[in-house]
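Trainee: Line order of the protein sequences matches chains A and B. Mapped onto our numbering, the consecutive letters of the first sequence carry residue numbers 1 to 374. Mapped onto our numbering, the consecutive letters of the second sequence carry residue numbers 1 to 374.
What the hints contain is simulated information worked out from the structure, not anything from laboratory work. In this text, all values refer to a predicted model and were calculated from it rather than measured experimentally. The beta carbon of each residue, even a glycine, is placed where N, CA and C say it ideally should be. One or more of the hints may lead you astray.
As the list claims (entries may be wrong) - Lysine-lysine pairs mimicking DSSO-like chemistry, simulated, CA-CA at most 30 angstroms apart:
#, chain 1, residue 1, chain 2, residue 2
1, B, LYS343, A, LYS46
2, A, LYS46, A, LYS237
3, A, LYS237, B, LYS237
4, A, LYS343, B, LYS46
5, B, LYS140, B, LYS237
6, A, LYS237, B, LYS343
7, A, LYS343, B, LYS237
Stated by the list, open to error - Facing chain A, according to a computed beta carbon distance under 7 angstroms, are these residues of chain B, among others:
#, residue
8, LEU32
9, THR33
10, SER70
11, PRO206
12, SER256
13, HIS321
To be verified - Covered by chain B, according to a simulated footprint, are these stretches of chain A (three or more residues, beta-carbon under 8 angstroms):
#, region
14, 127-138
15, 231-243
Number of protein chains: 2
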Amino acid sequence: MTNIQDQGINPPQRFLLGPGPSNVDPRVLRALTNPPVGHLDPYLLKIYAEEQDLLRMLFKTENEWTFALSGTGTSGMEAAMANLIEPDDQVLIAINGYFGARLAEIASRLGAQVDRIECPLGDIFTVETIEAALEKKNYKIFALIHAETSTGAEQLNIKQISEVVHRYNALFVLDTVTSLAGIPVEVDEWVIDIAYSASQKSISAPSGLAPITVSPRAQNIIENRTSPVSSFYLDLKGYAGYWGQSHLYHHTASASQHYALFTALNIIAEEGLQARFNRHMENAQLLWEGLTNLGCAPFIPIQYRLPVLTTAQVPKSINPHTIRNELLSEFNIEIAAGFGDLKEKVWRIGLMGYSSSKENIALLLAALGQLLER
Amino acid sequence: MTNIQDQGINPPQRFLLGPGPSNVDPRVLRALTNPPVGHLDPYLLKIYAEEQDLLRMLFKTENEWTFALSGTGTSGMEAAMANLIEPDDQVLIAINGYFGARLAEIASRLGAQVDRIECPLGDIFTVETIEAALEKKNYKIFALIHAETSTGAEQLNIKQISEVVHRYNALFVLDTVTSLAGIPVEVDEWVIDIAYSASQKSISAPSGLAPITVSPRAQNIIENRTSPVSSFYLDLKGYAGYWGQSHLYHHTASASQHYALFTALNIIAEEGLQARFNRHMENAQLLWEGLTNLGCAPFIPIQYRLPVLTTAQVPKSINPHTIRNELLSEFNIEIAAGFGDLKEKVWRIGLMGYSSSKENIALLLAALGQLLER
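My request is simple: use the sequences and hints to build the entire structure.
Mentor: As structure tokens, this is what we get:
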């Protein structure tokens with residue numbers, strides 16, 4: 001017995017201007033209306049293969065091991081660490097926000113000896129600071145967040161940092177969860193050993209898939225581990241067998257999720273990466289100008305301010321959470337609170353992928369202006 | 001620039017009669033057309049809460065810790081093991097097919113001392129065999145597959161096995177990936193400590209979410225571990241914080257996936273669990289009769305034959321893979337090959353959730369009949 005009146009799913013239509021997920025193009029939703037095929041159906045195998053090419057285009061890499069893991073961005077972070085780390089390995093993590101701290105926690109849970117270098121929330125690291133830390137021990141892995149979603153800071157000088165990391169014979173893991181498809185990421189040019197991302201930020205697909213790419217050097221280390229990867233689910237050799245020519249069963253990937261990711265990646269290819277980066281930057285500048293006019297100037301200095309995620313300073317005497325709740329309940333606009341020490345001081349405003357549009361910015365600034373004047 | 005002609009996603013319309021995924025109800029696809037909201041949007045929090053109630057109905061449990069993990073069924077398996085196992089714990093796994101072996105591999109990778117009891121493919125365990133194995137050591141965990149998807153055998157006497165397991169003070173982990181929502185699962189009545197499943201089998205949602213439920217006893221053990229869970233991504237305490245009243249950030253769940261799961265769970269509630277079990281059994285009997293008439297009698301004895309997954313014997317002189325490929329290419333019907341030693345001997349035919357219908361069975365039998373006569 002089906003109901004004539006199917007109440008069903010009927011969510012509010014939100015403007016997603018927080019740290020992710022971003023809004024998805026209607027074409028992505030239309031892709032989701034297609035019935036799933038089997039996870040090893042010849043049709044889906046073609047999609048996996050084309051996704052690999054599109055992800056290589058995004059990461060700017062020729063790495064053979066380039067997949068989308070069946071999990072969120074955090075599964076990508078954990079996969080990078082779990083596949084490289086063997087018990088008691090020395091790992092150095094640079095922390096300038098929440099996600100750097102998460103990287104360190106994940107590495108530590110996996111049995112690594114973790115050292116942390118930290119800088120204040122909103123700052124970025126100098127090449128010299130990182131070199132001074134690398135000098136102290138024989139680290140196997142150095143990991144860093146490219147775009148710290150908790151503060152809105154872009155770590156600069158990745159190529160120079162990479163040169164230092166490799167001079168000290170460490171592997172370089174770069175978190176590109178928020179940066180990929182929003183600002184330039186150059187995996188091969190920067191000599192990154194593992195980079196991972198998430199489907200729901202600048203790529204603008206629903207969450208649930210984690211793009212990841214592995215250099216031949218890191219692949220070789222993973223293939224020659226002395227202990228098995230503690231996680232079967234996130235074992236990259238399992239993925240290589242599943243996505244490779246032999247298509248060995250590893251888990252049951254979701255056709256629906258891949259319909260969505262494939263479509264989102266094609267939309268990116270149509271726009272062109274450079275045009276997409278330009279759009280993100282031009283729109284960010286509009287946002288920054290408008291925020292400054294409202295007395296909510298960006299918190300991060302312009303030199304390393306992320307176009308995809310802006311921390312806007314909350315004016316004195318304003319309760320940031322009240323405003324945030326009103327934006328959601330009155331205007332259907334989602335923005336986020338600050339993290340940690342910044343919780344009462346900033347809002348986090350994302351302009352990622354499909355969400356980065358002039359009309360969204362005009363709406364947000366108008367709504368925020370009204371609410372601040374109350 | 002968008003294309004006027006959007007080639008996009010246009011998959012073949014398959015009849016999914018393999019071991020999963022199953023077909024989804026069109027209402028599930030319609031749910032997916034809704035734009036994702038943020039992962040902690042008040043609307044989605046209501047969906048999480050209602051899903052918890054619906055999953056408790058499915059698992060027949062009052063367990064507080066009842067969630068849908070953001071990963072496939074394998075992530076549920078790994079979460080069960082990773083949250084209970086501490087290094088060098090003694091674990092006993094019963095293996096009568098591929099998925100029991102996977103459980104043992106996962107437990108072993110997590111640092112447990114794993115003992116295996118095995119029986120031939122297609123057999124099930126007696127309570128006595130399991131008791132004899134439990135006697136030998138002080139096991140912390142005993143794990144078992146309820147419905148072995150690789151053979152089509154249903155492990156009987158779960159309640160009696162559970163009594164023995166708890167008499168020996170072990171925790172009882174039950175894999176219900178293929179059974180949940182297809183045949184009775186009674187988590188509280190059977191005194192199961194952790195049961196987990198997958199969204200794409202008898203539940204008939206797209207894959208990518210893993211329902212899981214944890215007894216208060218297992219919850220207490222997890223909350224009082226001496227070492228942290230090696231996987232941050234699958235840490236059930238993280239899930240409890242994320243799904244609980246405080247809604248602490250843990251990862252970015254997919255609104256789209258939850259729209260689909262929520263809809264599939266509501267469809268199950270409308271049908272009623274007992275009616276659903278009856279439908280699965282009645283349709284399975286139709287299939288078995290038809291297969292027998294075609295000379296492809298079921299491999300598993302009727303006493304413990306799964307209605308949701310049938311292994312059908314391949315007639316002599318027939319190449320099972322040719323027939324399987326023809327079913328797919330000529331009739332858009334997906335069935336699967338056998339596993340391991342059964343690879344050349346059986347086909348695996350799933351009748352799960354939305355795929356379990358009289359018309360699908362009539363079509364499959366007609367198509368198979370035509371191909372066998374060639």
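Trainee: Hint numbers the structure violates, sorted upward?
Mentor: 13 and 14
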